[in-house]
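A.B. asks: Listed below are the residues making up each chain.
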Amino acid sequence: NAGVMQNPRHLVRRRGQEARLRCSPMKGHSHVYWYRQLPEEGLKFMVYLQKENIIDESGMPKERFSAEFPKEGPSILRIQQVVRGDSAAYFCASSPIKGPSNQPQHFGDGTRLSIL
Amino acid sequence: GENVEQHPSTLSVQEGDSAVIKCTYSDSASNYFPWYKQELGKRPQLIIDIRSNVGEKKDQRIAVTLNKTAKHFSLHITETQPEDSAVYFCAASSGNTGKLIFGQGTTLQVKP
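Chains as they are written, first to last, in this note's numbering: chain A, 171 to 286; chain B, 46 to 157.
So that you can see chain A by itself, here it is in the shape it has in the complex (with noise of 0.2 Å):
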């Protein structure tokens, strides 16, 4: 019975780059919610999918942020032109079907997200 998984745990990218990240949900689950986390701070809400559609991205930043959650594959998380403030630690997290306004969240390990 995997839990949520995030690949890659450790991601290093230079200033400019793109880095995705990627989540794939426990089975049964259908809602995926990307959190991001900086430095000593607490989660952020950034966007909250299901399947090819974007629920609610408003703590996304307005630009150089993106996220899909495909048909079939794993949710992404894509940052473009990264600069050193993008550097935080990613957490993907998952709830059920039913309801999700009050479901439990499970969190992966997440994607520790380096820029040079």
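Since the hints were derived computationally from the structure, they do not count as laboratory data. Some hints here could point you the wrong way.
Said to hold, decoys possible - Simulated DEER-style distance windows between Cβ atoms:
1) A:179 to B:127: 19 to 29 Å
2) B:152 to A:182: 41 to 51 Å
3) A:188 to B:107: 26 to 36 Å
4) B:103 to A:188: 43 to 53 Å
5) B:115 to A:242: 45 to 55 Å
6) B:113 to A:223: 24 to 34 Å
7) A:187 to B:62: 19 to 29 Å
Said to hold, decoys possible - Capping the alpha-carbon separation at 30 Å, the derived lysine-lysine pairs in BS3-like fashion look like this:
8) A:197 to A:241
9) B:103 to A:214
10) B:156 to B:82
11) A:214 to B:116
12) B:113 to B:156
13) B:116 to A:197
14) A:197 to B:82
15) A:197 to B:103
16) B:67 to B:102
17) A:232 to B:102
18) A:197 to B:67
19) A:214 to A:197
20) A:221 to B:87
21) B:87 to B:103
22) B:113 to A:214
23) B:156 to A:241
24) B:102 to B:116
25) A:214 to B:87
26) B:102 to B:87
27) A:221 to B:82
From the three backbone atoms N, C-alpha and C, an ideal C-beta is built for every residue, glycine too.
Chain B: place on chain A using the hints.
C.D. replies: Below, chain B without anything else, positioned relative to chain A:
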């Protein structure tokens, strides 16, 4: 906007003592309140949660209380052990999407 305030930011207790962490939230529509434990370099782990139709929930040494009128909720850990040392986050659901608004975290240190 939506906001969750968490206190204290750090808490140090002796092994065997109790620890209490408090949170307040701003969105009166919030109906789900989870607590997560995060060890250094690890993922947040759900340790207990409470829904708005319940005032208190207990699981062994951990309990959570919710006061919807005052919009605050608390985590209580009894008989603390060194393994309880970690950062604890409260959160409140927001809107129909279930996105979580997190508090700033409490670093709990349990001294042996």
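A.B. asks: Please go over all the hints and tell whether each is borne out by the structure.
C.D. replies: Hint check:
| no. | hint | verdict |
| --- | --- | --- |
| 1 | A:179 to B:127: 19 to 29 Å | 27 Å, holds |
| 2 | B:152 to A:182: 41 to 51 Å | 28 Å, violated |
| 3 | A:188 to B:107: 26 to 36 Å | 42 Å, violated |
| 4 | B:103 to A:188: 43 to 53 Å | 47 Å, holds |
| 5 | B:115 to A:242: 45 to 55 Å | 47 Å, holds |
| 6 | B:113 to A:223: 24 to 34 Å | 31 Å, holds |
| 7 | A:187 to B:62: 19 to 29 Å | 49 Å, violated |
| 8 | A:197 to A:241 | 15 Å, holds |
| 9 | B:103 to A:214 | 27 Å, holds |
| 10 | B:156 to B:82 | 18 Å, holds |
| 11 | A:214 to B:116 | 20 Å, holds |
| 12 | B:113 to B:156 | 33 Å, violated |
| 13 | B:116 to A:197 | 34 Å, violated |
| 14 | A:197 to B:82 | 23 Å, holds |
| 15 | A:197 to B:103 | 28 Å, holds |
| 16 | B:67 to B:102 | 15 Å, holds |
| 17 | A:232 to B:102 | 40 Å, violated |
| 18 | A:197 to B:67 | 33 Å, violated |
| 19 | A:214 to A:197 | 24 Å, holds |
| 20 | A:221 to B:87 | 27 Å, holds |
| 21 | B:87 to B:103 | 25 Å, holds |
| 22 | B:113 to A:214 | 23 Å, holds |
| 23 | B:156 to A:241 | 49 Å, violated |
| 24 | B:102 to B:116 | 16 Å, holds |
| 25 | A:214 to B:87 | 16 Å, holds |
| 26 | B:102 to B:87 | 26 Å, holds |
| 27 | A:221 to B:82 | 29 Å, holds |
Checked against the numbered hints above, the structure violates hints 2, 3, 7, 12, 13, 17, 18, 23; every other hint is satisfied.
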